[in-house]
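Trainee: Listed in order, the protein sequences are those of chains A and B.
For the first sequence, our numbering gives the first residue as 1, with consecutive numbering after it.
For the second sequence, our numbering gives the first residue as 1, with consecutive numbering after it.
If you're looking for bench data, these hints aren't it; they were derived computationally from the structure.
Among the hints, a few may not be true.
Claimed, not checked - Covered stretches of chain B (in silico footprint by chain A; criterion: 3 or more residues with CB under 8 Å from a CB of chain A, positions within the stretch not fixed):
no., segment
1, 32-42
2, 92-103
Unchecked claim - Cβ-Cβ distance ranges computed for the label pairs, FRET-style:
no., chain 1, residue 1, chain 2, residue 2, range
3, B, Val20, A, Glu103, 50 to 56 Å
4, B, Thr16, A, Glu101, 22 to 28 Å
5, B, Asp23, A, Gly82, 23 to 29 Å
6, A, Pro114, B, Met1, 50 to 56 Å
7, A, Glu44, B, Glu106, 33 to 39 Å
8, B, Glu7, A, Lys48, 20 to 26 Å
9, A, Arg113, B, Glu85, 22 to 28 Å
10, A, Val105, B, Ile50, 29 to 35 Å
We put the CB at the ideal spot given by N, CA and C, even for glycine.
Protein chains: 2
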Amino acid sequence: MSPLYLEDLRVGQRFTSRSVTLDAEMIKAFAREYDPQPFHTDEEAAKKSIFGGLAASGWHTAALTMRLNVEALPIAGGLVGGGGEISWPRPTRPGDVLTVEAEIVEIVPSRSRPDRGRVTVRFETRNQHGEAVQVATMQLVVPRRSQA
Amino acid sequence: MSPLYLEDLRVGQRFTSRSVTLDAEMIKAFAREYDPQPFHTDEEAAKKSIFGGLAASGWHTAALTMRLNVEALPIAGGLVGGGGEISWPRPTRPGDVLTVEAEIVEIVPSRSRPDRGRVTVRFETRNQHGEAVQVATMQLVVPRRSQA
Numbered sequence: 001m002s003p004l005y006l007e008d009l010r011v012g013q014r015f016t017s018r019s020v021t022l023d024a025e026m027i028k029a030f031a032r033e034y035d036p037q038p039f040h041t042d043e044e045a046a047k048k049s050i051f052g053g054l055a056a057s058g059w060h061t062a063a064l065t066m067r068l069n070v071e072a073l074p075i076a077g078g079l080v081g082g083g084g085e086i087s088w089p090r091p092t093r094p095g096d097v098l099t100v101e102a103e104i105v106e107i108v109p110s111r112s113r114p115d116r117g118r119v120t121v122r123f124e125t126r127n128q129h130g131e132a133v134q135v136a137t138m139q140l141v142v143p144r145r146s147q148a
Numbered sequence: 001m002s003p004l005y006l007e008d009l010r011v012g013q014r015f016t017s018r019s020v021t022l023d024a025e026m027i028k029a030f031a032r033e034y035d036p037q038p039f040h041t042d043e044e045a046a047k048k049s050i051f052g053g054l055a056a057s058g059w060h061t062a063a064l065t066m067r068l069n070v071e072a073l074p075i076a077g078g079l080v081g082g083g084g085e086i087s088w089p090r091p092t093r094p095g096d097v098l099t100v101e102a103e104i105v106e107i108v109p110s111r112s113r114p115d116r117g118r119v120t121v122r123f124e125t126r127n128q129h130g131e132a133v134q135v136a137t138m139q140l141v142v143p144r145r146s147q148a
């Protein structure tokens, strides 16, 4: 896909990513480095936890979502996020196949910087059952194509 | 530190993490796997980007923040977040020394589940200059000590 500029986007536009499959080893390896809690690193301990079984760190789901988004949403100059909201409606489990559906929800050209705008995108990360495991609504900086 | 229950927390309470130092190799390794964009993986390309130099993926900053929080905020049963808001006021750079300051901002005992409550925590991740590189305000599920 060719790079997308502010002028190429419209509210309601959707982008669907490829899929990525998560296994228990990936979950445990990420968690050992970034979120070393028993429900992310140990199947037996996880059974007795609030998750009732091994679950991926929410930040692992977030990082994998970013990986998929980089490929699915080829914004000119890259995907640069200033922040937003994130939630994990249900855990990501070993064997889950994740796909991201992105939808453009707002486009605001910058008043002070005529070379760019702010675009709000809702990224829903779904498992193989179509259930949302993460919903993130993020602000992106997107360049304009036309320059003086 | 002993595990913290809902009864042990109060609004305004603060927790400070240890520090972690980020180098260029760590930034590039994370980015190759989860956020493969030139400004996160290549110094030369990064100079010409919106960041003006190599910058960590925001999700890397988030993951490192989680790592620090797991040690700094020993909630009973673990740090279980339902979601919240996140922003990256400035980039995380090679050589940055990150520390997280957590502050309890709201405590809401559950009406439907008397064994737990919802706690809102503001996590500010700062570099060695005291500047915020990430601000995350997250909802945590925290168990109560006293059970019927």
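Trainee: When you take the CB atoms of A:Pro114 and B:Met1, is the distance between them in 50 to 56 Å?
Mentor: holds, 52 Å
Trainee: Honestly, do B:Thr16 and A:Glu101 meet the 22 to 28 Å range at C-beta?
Mentor: violated, 39 Å
Trainee: Taking beta carbons only, do three or more residues of the segment 32-42 of chain B come closer than 8 Å to chain A?
Mentor: holds (count 7)
Trainee: For the pair A:Arg113 and B:Glu85, does the Cβ-Cβ distance stay inside 22 to 28 Å?
Mentor: Taking Cβ atoms as reference, A:Arg113 and B:Glu85 lie about 24 Å apart, which means the hint holds.
Trainee: Could you see if the CB distance from B:Asp23 to A:Gly82 stays within 23 to 29 Å?
Mentor: The hint (23 to 29 Å, Cβ to Cβ) holds, given that B:Asp23 and A:Gly82 are roughly 25 Å apart.
Trainee: When I compare C-beta atoms, does the segment 92-103 of chain B have three or more residues closer than 8 Å to chain A?
Mentor: violated (count 0)
Trainee: Between B:Glu7 and A:Lys48, does the beta-carbon spacing fit 20 to 26 Å?
Mentor: holds, 22 Å
Trainee: Should the hint that A:Val105 and B:Ile50 are 29 to 35 Å apart at their CB atoms be regarded as holding?
Mentor: Between A:Val105 and B:Ile50, where Cβ atoms are some 22 Å apart, the hint is violated.
Trainee: Is it true that A:Glu44 and B:Glu106 lie within 33 to 39 Å of each other by Cβ?
Mentor: holds, 34 Å
Trainee: Is it true that B:Val20 and A:Glu103 lie within 50 to 56 Å of each other by Cβ?
Mentor: The hint (50 to 56 Å, Cβ to Cβ) is violated, given that B:Val20 and A:Glu103 are roughly 35 Å apart.
Checked against the numbered hints above, the structure violates hints 2, 3, 4 and 10; every other hint is satisfied.
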